[in-house]
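Going down the list, the protein sequences come from chains A and B. In this text, residue positions in the first sequence follow our numbering: the first is 1, and each later residue adds one. In this text, residue positions in the second sequence follow our numbering: the first is 1, and each later residue adds one.
You can take every hint at face value.
With a cut-off of at most 25 Å between alpha-carbon atoms, the simulated DMTMM-like pairs for lysine to aspartate or glutamate come out as follows:
hint: 1; chain 1: A; residue 1: K152; chain 2: B; residue 2: D13
hint: 2; chain 1: A; residue 1: K211; chain 2: B; residue 2: D13
hint: 3; chain 1: A; residue 1: K137; chain 2: A; residue 2: D78
hint: 4; chain 1: A; residue 1: K340; chain 2: A; residue 2: D371
hint: 5; chain 1: A; residue 1: K152; chain 2: B; residue 2: E23
hint: 6; chain 1: A; residue 1: K152; chain 2: A; residue 2: D169
hint: 7; chain 1: A; residue 1: K211; chain 2: A; residue 2: D148
hint: 8; chain 1: A; residue 1: K104; chain 2: A; residue 2: D148
hint: 9; chain 1: B; residue 1: K69; chain 2: B; residue 2: E23
hint: 10; chain 1: A; residue 1: K152; chain 2: A; residue 2: D107
hint: 11; chain 1: B; residue 1: K69; chain 2: B; residue 2: D45
hint: 12; chain 1: A; residue 1: K211; chain 2: B; residue 2: E23
Partner residues are not named here, just some residues of chain A that face chain B (Cβ under 7 Å, in silico):
hint: 13; residue: G85
hint: 14; residue: T116
hint: 15; residue: G119
hint: 16; residue: S159
hint: 17; residue: S160
hint: 18; residue: G161
hint: 19; residue: H163
hint: 20; residue: A198
hint: 21; residue: N296
hint: 22; residue: A314
hint: 23; residue: G315
hint: 24; residue: G363
hint: 25; residue: A365
hint: 26; residue: L366
hint: 27; residue: A370
Quick caveat, the hints were computed from the structure, so don't treat them as lab data. Glycine included, every Cβ here is placed at the ideal spot set by N, Cα and C.
Below are the chains, spelled out letter by letter.
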Amino acid sequence: MKDLRILLLLAACLAWAFLTGCGGGSGSSNSTRSTITSSGSNVAPIAVNGGPLGNYVDGAFASVTLCAPGTSNCQTIDGVLVDTGSSGLRILSSALTVALPQQKAPDGNPVAECLTFLGSYTWGPVQTADVQIGGEKASAAPIHVLSDTAFKVPSGCTSSGFHSADTLDTLGANGILGVGMFTQDCGSSPACVQTGSAGLYYECPSSGCVKAGEALAQQVVNPVALFPSDNNGVIVELPSVSGAATSVSGSLVFGIGTQSNNALGGATVYTAPQFAFTTTFSGHTYPGSFVDSGSNGLFFVNTTGITECTGNEAGFYCPASTQNLSATNQGANGASGTVKFSIGNAATLFANASDMALSDLGGPALSPNADYFDWGLPFFFGRNVFTAIEGMSTPGGTGPYWAY
Amino acid sequence: MFAVTWHGPWLPDMRQILGSYFEQYRAAVQGQTTGRMARRPVMIDQPGLLIQIGGRVRAFAGRAYIPDKLPSGVRVEDIQ
Numbered sequence: 001m002k003d004l005r006i007l008l009l010l011a012a013c014l015a016w017a018f019l020t021g022c023g024g025g026s027g028s029s030n031s032t033r034s035t036i037t038s039s040g041s042n043v044a045p046i047a048v049n050g051g052p053l054g055n056y057v058d059g060a061f062a063s064v065t066l067c068a069p070g071t072s073n074c075q076t077i078d079g080v081l082v083d084t085g086s087s088g089l090r091i092l093s094s095a096l097t098v099a100l101p102q103q104k105a106p107d108g109n110p111v112a113e114c115l116t117f118l119g120s121y122t123w124g125p126v127q128t129a130d131v132q133i134g135g136e137k138a139s140a141a142p143i144h145v146l147s148d149t150a151f152k153v154p155s156g157c158t159s160s161g162f163h164s165a166d167t168l169d170t171l172g173a174n175g176i177l178g179v180g181m182f183t184q185d186c187g188s189s190p191a192c193v194q195t196g197s198a199g200l201y202y203e204c205p206s207s208g209c210v211k212a213g214e215a216l217a218q219q220v221v222n223p224v225a226l227f228p229s230d231n232n233g234v235i236v237e238l239p240s241v242s243g244a245a246t247s248v249s250g251s252l253v254f255g256i257g258t259q260s261n262n263a264l265g266g267a268t269v270y271t272a273p274q275f276a277f278t279t280t281f282s283g284h285t286y287p288g289s290f291v292d293s294g295s296n297g298l299f300f301v302n303t304t305g306i307t308e309c310t311g312n313e314a315g316f317y318c319p320a321s322t323q324n325l326s327a328t329n330q331g332a333n334g335a336s337g338t339v340k341f342s343i344g345n346a347a348t349l350f351a352n353a354s355d356m357a358l359s360d361l362g363g364p365a366l367s368p369n370a371d372y373f374d375w376g377l378p379f380f381f382g383r384n385v386f387t388a389i390e391g392m393s394t395p396g397g398t399g400p401y402w403a404y
Numbered sequence: 001m002f003a004v005t006w007h008g009p010w011l012p013d014m015r016q017i018l019g020s021y022f023e024q025y026r027a028a029v030q031g032q033t034t035g036r037m038a039r040r041p042v043m044i045d046q047p048g049l050l051i052q053i054g055g056r057v058r059a060f061a062g063r064a065y066i067p068d069k070l071p072s073g074v075r076v077e078d079i080q
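Chain A extracted, bound-state conformation (with noise of 0.2 Å):
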């Protein structure tokens, strides 16, 4: 089936090179029409799917094998979420059968971790585990166990006022599986390795779980980053979508420049310092923006005028007719290209249960004074997206960067 669906690609993109060549950098939007790279052991299948209750749109799922360190006892876990937008490996303690040691810090406390999302928090143990993903391995990798019963969740981590993602029915995943820029969720920062304000780490005694600092070694952390090889960033291909599709699938890849199947070619990169790029969209510049797999849809500042959606759907772009439109993205290194994109009616895209895969899907970013544009995954279709590990080098530089 897959094979099949390949070779389909193949053959449309053998009857297109006679237009206008394949993959031929143009340098305008489209540019590079990509296959997707389906063997190798650095390569991981995923699906655009639903996930495992069949209701996330625009989310990437892939599978991830947990083994308690150094052992076989091992398990895999299905409908793991794909996110080039956060780092470290978040699963559900009600998806994990496998026991792992719990991380205790320097005085013996068990470790625990509050990390908030967009509209939900997660919550729960650190754990130590082996975690394989394709072909690749990550040894005594920190990961996040997300329970609000293991140890009672503090209030500091409810005042988001937002709700708990720590079940499937809230997650909609059975876990998060962040290979973004960062090497780890939290960084150096003193308020993260020192006083603890970030509010991401705690320390649980019996009295209960209190704020502190995480020293960068023992942080959750992008499990690529420990992979042996293959460890300074990710590509996710995913087909081309037009309007919606029930579900895609596609490839996770491990590794820049490392192997053959992993090559920048005609990817043009967009260095971000910051962890941010420029994108520039009707007339306005957004300095702070990111390419984001795990963001359901395309996010900016409703300069437009784009019709918004209420209610239920309230966060999301309705339109009457889809509107066909186009940004700029440029690197801090110059690097610029533009980018065409749709957004459609999310009510009347939601309406149709069945379809997972949602190429126009987009919502307003707060306004007027969100210094963003996040490219969310309906960017994903139709390109290869690398994402560059910050610190580590590749063929087309050191990370942080983006390249498609």
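Following the hints, position chain B against chain A.
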């Protein structure tokens, strides 16, 4: 006080920022469901309370304001 804005790597303590409005905000933000799982910006637009939160891990921004208490002549767009 009629408006608060913030931006930073991590979300602020909304209890502290919103005070007596926190419970109204929490009920509104937790009440939004589409029947589809989706992460999206938080947009609360209720009589007496407007809150927007956007961004991502390590770069959040937001603002909250009480429309009835906006001084005359101050536009929502002026709140930066």
